[in-house]
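**Student:** Letter by letter, the chains look like this.
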Amino acid sequence: MLYPEPIQDLVGELSKLPGVGPKTAQRLAFFLLNRPKGEAEQLARAIVEARQRIRYCSSCFNFTDTDPCSLCRSATRDKGTVMVVEQPKDVIAMEKTREFKGRYHVLHGAISPMEGIGPEDLKVRELLARIGQESPHEVVLATSSSLEGEATALYLGRLLKPLGLKVTRIARGLPMGGDLDYTDEMTLLKALEGRQEI
Amino acid sequence: MQLQRVGIRGFRNLREVSLEPSASLTLLVGQNGHGKTNILEAVHVLLQGQSFRTRRDRDYLADPGPPAPVVLTAAGRLGQRDITWSYMYDGQTRRRRQGPIVPVVVFSPDDLELARGAPSARRHLLDHLLSGVDRRYARSLEAFQRAVLQRNRALKEGGLRDLADDFLPAIVREGEYVWSRRYEVFDQLLPSCQTIYHAVAGSEAVSASYVTGGNPTRIESPMRYREALAARRGDEKVRQMTLVGPHRDDIQFTVNGRSIVTAGSQGQQRTLALAIKLATYLWLKAETGTVPLVMLDDVLSELDGIRRAAVLRQVAADEAQTIVTDTEPRDFGVLNPAVFEVAEGELRLWRGNPRPLNSGPF
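In order, the protein sequences belong to chains A and B.
As numbered in our numbering, residues 153 to 350 make up the first sequence, in order.
As numbered in our numbering, residues 1147 to 1508 make up the second sequence, in order.
There's no promise every hint is true.
Computed list of chain B residues with no C-beta within reach of chain A, every gap over 10 Å [claimed, not checked]:
hint, residue
1, Asn1159
2, Glu1373
3, Ala1377
Covered stretches of chain A (chain B as the covering partner; in silico rule of three or more C-beta atoms under 8 Å from a C-beta of chain B) [unchecked claim]:
hint, segment
4, 252 to 266
5, 294 to 308
6, 329 to 340
Computed beta-carbon distance windows for the label pairs [to be verified]:
hint, chain 1, residue 1, chain 2, residue 2, range
7, A, Tyr334, B, Asn1402, 49 to 59 Å
8, A, Gly325, B, Lys1383, 32 to 42 Å
9, B, Ala1377, A, Val200, 52 to 62 Å
10, A, Ser222, B, Gln1194, 46 to 56 Å
11, A, Tyr334, B, Ile1452, 47 to 57 Å
These are calculated hints, taken from the structure and not from any lab test.
Every residue gets a Cβ at the ideal spot worked out from N, C-alpha and C, and that includes glycine.
The shape of chain A in the complex, shown without the other chains (with noise of 0.2 Å):
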């Protein structure tokens, strides 16, 4: 027996969702079903709303409210340092940690050729506009210790040099609080590659 079709429709439009499967989505349909009408509503209204304000900021094209974004307005933070990141959530990774007073640039996905994405899917053009409206002196390559992460860092790296600002890449090695033994050998020979002084 098939289900009425809001139901069916509803089952559709949850299983594209990543990580939802078939069976996910129609539990998640049927937790809404019986949940008060008003609580439904109220998601829909989230996702309207979401969708219709949130936007790139023009500057760093992460996710924001408002243009530019409120990283980008703040007066705090340094307009000499760029971080690259691959995506938004990495911005709120590295905003955890508070240290970095910087500002950012999100490319929104990194140099894959398999899935014919390069350069000119990424905000790299972008990048290299407003490195030459805003000068920094130093720009951080922050993509993923992914294959494509590693590759994007290295065309990025390629591209930014002979700017004649400083590119750095941040550093590989143990995870805090990690037992030597239980780290492969790949991690190992990073973390001893950018070994410090004490």
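Starting from the known structure of chain A, fit chain B onto it as the hints suggest.
**Tutor:** Only chain B this time, still in chain A's reference frame:
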């Protein structure tokens, strides 16, 4: 390693099978398509965590019939310890519990590919052996293959060509490690492979050399890898692919200067495949310190008496617990196998002719 009991439920055509294999030789007899290989496969899934026939757990589900969970269990001894293995799959999630991965060597008719097939069959054997004992190898190989795919795609797409070299550091780093381990294993396997080949083939001697992908000599440092890549730069532009690397390796086997793979007789190819597999058995035994479980799937009927004796002398008569499938029982003499019959997915003690007609060398 000693396997003492195996329980199989709902695995392919096996509804409910319980097997107590002999400590030395166990013979599963039955017609084709009745489930002999499925029993070997279930044992492989338990001890190795994966099948030798498929990568999808879904394939294990019994069809036809209502979906029923696959439940596999085994008990045995590893050194002084009692061990149990279990595996469950209900069509959605799989659970594998307890029990270490233990070495298993499977001989199947497909192994002939080692001696007459494409280079990938021989690379695959080395990768399989190394991935089983070296986790970094498995990771490096995967990273290397992905980096080559990315770079090749970049070389093919006009607009992305500029990015090809950004994948080189990963290719060089991982590829160099893959080579270092493959060279090492090849050098360790070769002497026993030659000894076994000679023992089986009598007068003939086999020699072998490791052919490094895209380079006339072995590449043993990142610097040499970079040089070799630089030397083929022009070619790579034209052919739009990465031409130097472990992904193009091969092993060349020759007898009297002639390649067995391209010019060998059927007999030479069979002997070679056998010698390679027996050499991997010895290598695993030495490398892991555990005697591998040996499974011969449907190969005895394809071997003549001399080769059959060579296999059994090396494994069952050595110390390996061995499980053999065959379409008819053979006389194994002193090895005194436990014989079971597999018919329509059921297992029972062999009740056929107590004196098998087909007499072999044992």
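**Student:** Identify every previously stated hint that the structure contradicts and give their numbers, smallest first.
**Tutor:** none
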